[in-house]
Amino acid sequence: MKVLRYMLIFIPISFICKFLNVSPSIMFVLAALSIVPLAGLMGEGTEEISFYSGPKIGGFLNATFGNATELIISFFALKEGLFEVVKSSIAGSVIGNVLLVLGASMLFGGLKHKSQSFNKKVVEVSSSMLLFAVVGLCIPALFTHTVDPELLNTRYEGLSIFVAVVMILIYILSLVFSFFTHKHIYASANEEENHGTAKWSLSKAIGVLIISTVFIAIESEFLVGGIESLTESLGLSEFFVGIILIPIIGNAAEHSTAIIMAMKNKMDVAIEIAIGSSLQIILFVAPVLIFLSLLFTPMSIVFNEFELIALIVAVLIANRVSSDGESNWLEGVQLLAVYLIIAASFFIL
Amino acid sequence: MKVLRYMLIFIPISFICKFLNVSPSIMFVLAALSIVPLAGLMGEGTEEISFYSGPKIGGFLNATFGNATELIISFFALKEGLFEVVKSSIAGSVIGNVLLVLGASMLFGGLKHKSQSFNKKVVEVSSSMLLFAVVGLCIPALFTHTVDPELLNTRYEGLSIFVAVVMILIYILSLVFSFFTHKHIYASANEEENHGTAKWSLSKAIGVLIISTVFIAIESEFLVGGIESLTESLGLSEFFVGIILIPIIGNAAEHSTAIIMAMKNKMDVAIEIAIGSSLQIILFVAPVLIFLSLLFTPMSIVFNEFELIALIVAVLIANRVSSDGESNWLEGVQLLAVYLIIAASFFIL
Amino acid sequence: MKVLRYMLIFIPISFICKFLNVSPSIMFVLAALSIVPLAGLMGEGTEEISFYSGPKIGGFLNATFGNATELIISFFALKEGLFEVVKSSIAGSVIGNVLLVLGASMLFGGLKHKSQSFNKKVVEVSSSMLLFAVVGLCIPALFTHTVDPELLNTRYEGLSIFVAVVMILIYILSLVFSFFTHKHIYASANEEENHGTAKWSLSKAIGVLIISTVFIAIESEFLVGGIESLTESLGLSEFFVGIILIPIIGNAAEHSTAIIMAMKNKMDVAIEIAIGSSLQIILFVAPVLIFLSLLFTPMSIVFNEFELIALIVAVLIANRVSSDGESNWLEGVQLLAVYLIIAASFFIL
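Respectively, the protein sequence lines represent chains A, B and C.
Position one of the first sequence corresponds to residue 278 (the numbering used here), numbered consecutively onward.
Position one of the second sequence corresponds to residue 278 (the numbering used here), numbered consecutively onward.
Position one of the third sequence corresponds to residue 278 (the numbering used here), numbered consecutively onward.
I should point out that these hints are in silico values taken from the structure, not numbers from a laboratory.
Take the hints with a grain of salt, since some may be wrong.
Heads up, the list lumps identical chains together, so a pair's fine if it works in one copy or across two of them.
Unchecked claim - As a list, the in silico DSS-like pairs of lysine-lysine whose alpha-carbon atoms are at most 27 Å apart: (1) Lys543 <-> Lys397; (2) Lys481 <-> Lys356; (3) Lys397 <-> Lys481; (4) Lys356 <-> Lys398; (5) Lys295 <-> Lys356; (6) Lys391 <-> Lys333.
All chains should be built: construct the whole structure from the sequences, respecting the hints.
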């Protein structure tokens, strides 16, 4: 994780290049390289604050700020009207977490520790929730793709807002579940993570959180500004940028944590990061983006067929993986293979 | 359950209104309100008879009469040529049982009893059967939606009848399985239910069964007669009536039993009602309706895409829910949320 | 198994008939009847060699020659440009193994032994792999069916070759997994099978293997040569031949072994044959056929919608069946019922 700090050098570089008016494609790359360490800092800041706030508020902060980078990037993409990028990055975050992060965790963890076991019960609760959440989120799209689009246009947004309200309610109820009514299920898992002490003072932690948020916002604007130029110059589709590149940029720091945890044989933590992060994307980030879109042009939560396939594949695999309570390197390789095939399919679009 | 008795007052009201020639939409509502307590009486009558007939015939009666109300309503819809209503009410019964009934049972049961466990083995047998049954029932539709409809028209009914014959054979074999070759699996579950004694004399039970069947038939005709008027005046689609309203009307009594069982911490019974009832719909009611349709116009068992999605979602969720052997209020909320989103999607059609 | 030997008489009969220039449809039938015992001999030859080569090389030989018959038939179909037959026979082998073989094993095994249990862990590893493999193999098709075909034509083969390379890599890695890094998981299962001794000398075994391969090749050419005539004269589609007939012909010997094992209450072995054979088809046979097709006309691995549905249904059911560690005759009946309905649907095409 420490090595990420050196990447902060890309922030001043990106500012200088912006001043020198370099091409938007290069700005995209520089912004991407800047956001990776900033997202890491933001995560560290949130974690430090949670030492002062106690486990409940800390858990809430972690759950809510965990995908803040993604949310900020998507906000700027939304402002630019890049709906396809926003929607595909929601789908891409889920498949990135379930296939890429979980796959890499199982591969590297499995190479070090022959066979790794995890708490089946906790993982099953999360992966069940993921199934319900993905199903709920996809239903409007599934319905939409099977009727004449002209018939339904005016009611799309109504349904999207309804789904968004339902999702956010479930998000709130799931926090009530894990921090109040059923906190005992998560007790042991949380203990392991929380036996550290704060490295930073509270004011430093809050300062880091604020500063990293501000810089992520600025760099996100550079990033989004470069998407069009990048897709044109490299012949990529917006879908590829949204489903593969943006989720990797936004979650790189978190991803490396999951892999490190897997290599320390804390497979529970690695899986919780991957599945938990997917859940937050669907139950929190996606509805918030729908609400925010009302400020500009209302965005409907209708995924295209590719995104639906990717989401459904990811959720089926997450449920399968969780149901045996064990993992090994071959399972990791297979998850990565599915990710690669999906990425290749989006690449040739 | 007793409170349902007071609703019997809607029977004479509906007769008077019919005599006064009130609008068919109002007749629909009155018939619906009459059918709910009648279905409850029919269920009670069947249960009482099973005290006299012994567990085997009793089990068979319960299994076969469990969805009699649904069958009667569908028969009249079939007679009127309302195929879309009939097919969507088959799909609607399955999703109503799996999402609405199971969801409400888990929610209310879970609020009272922190975490409820059930016999994983029995539930897995049922939910496996549900998977196979739904897959078998949906294959003709899945094939049909992917080929040029003009090519296949003439062979549809042949395939539908073939599927119906297969389904009814599996239904008979599943009765052989649960009452003869593998009755030990169900032994403990049945004992719990059967330690009561008959409240009614046999002749009273048979009388109640006959009278309630006759009145359900009359009210079903009122109900079906009002569908067209209702869809027009409220701007609803026939699909919404079939998939949401009719299953709720036909199964309300059964639904309340499931929820009461869950609140008494008999989660096994609640789940068996929900999944068992879905199985009966697919393996018994659906094929019987196909056979009956040969008396009028042959009905093909080709679901539309919406119904397919709803069925597949329901069966995936039923399998997921059954695989961990435990339930809590949050799982209930999530099932209800998926049901609400599906209902909302059908609502905007 | 011994009874299959008598069927070898069809080899000379087929040669005589070829010489007499009988109709290609009859040649198809005779070739089919010849291939069944030849495939059995080839399997026996491979098994005998494995007694001399030790378990590692033996396991590899079994894994690789297990579907040699299928591979040879498909090679000649490929040479004739019968791509639809080749692709549908890949899908057909998977559904044949998972639905027909597993169904028949569970039915006949279950009739003899009330309820049969199997090693859940080993089966779960295989059925997880099957899920990942099928998902990976189907992604190009799923993507292709949702975009304008004219847009993508030129890049199809590239994606197919990429998928083939990924599949064959996973196949090699899975051999590394089961023979090197994780051989302990399979230890007990293999021991049971290997406590026999060689019946044949090594030279006899090799001789049998070579001769049966040569005759399978000749008969496969007769078989493929008769497909067109057969489909025309019986009014069948090429899909039906590919998805139902060819897999049954190619795997009949293996199928009978699985059923015999199930009746001996070795359900583990029966399931491993069914699921393991499906895995080899996807991870080894399918990619090899794509590579071989480059010698003639490149074949893309884009399944049609029917094949996709059949594959996805098969894999879902395999995963469901494996997750409870037990089987009974009713489960067998249900698998066979799903197979019958799929076969009937392809029949009416």
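Okay, the hints, checked on the actual structure:
no. : hint              : in the structure
1   : Lys543 <-> Lys397 : both (13 Å within a copy, 24 Å between copies)
2   : Lys481 <-> Lys356 : neither (32 Å within a copy, 71 Å between copies)
3   : Lys397 <-> Lys481 : neither (38 Å within a copy, 51 Å between copies)
4   : Lys356 <-> Lys398 : neither (41 Å within a copy, 50 Å between copies)
5   : Lys295 <-> Lys356 : within (20 Å within a copy, 58 Å between copies)
6   : Lys391 <-> Lys333 : between (35 Å within a copy, 20 Å between copies)
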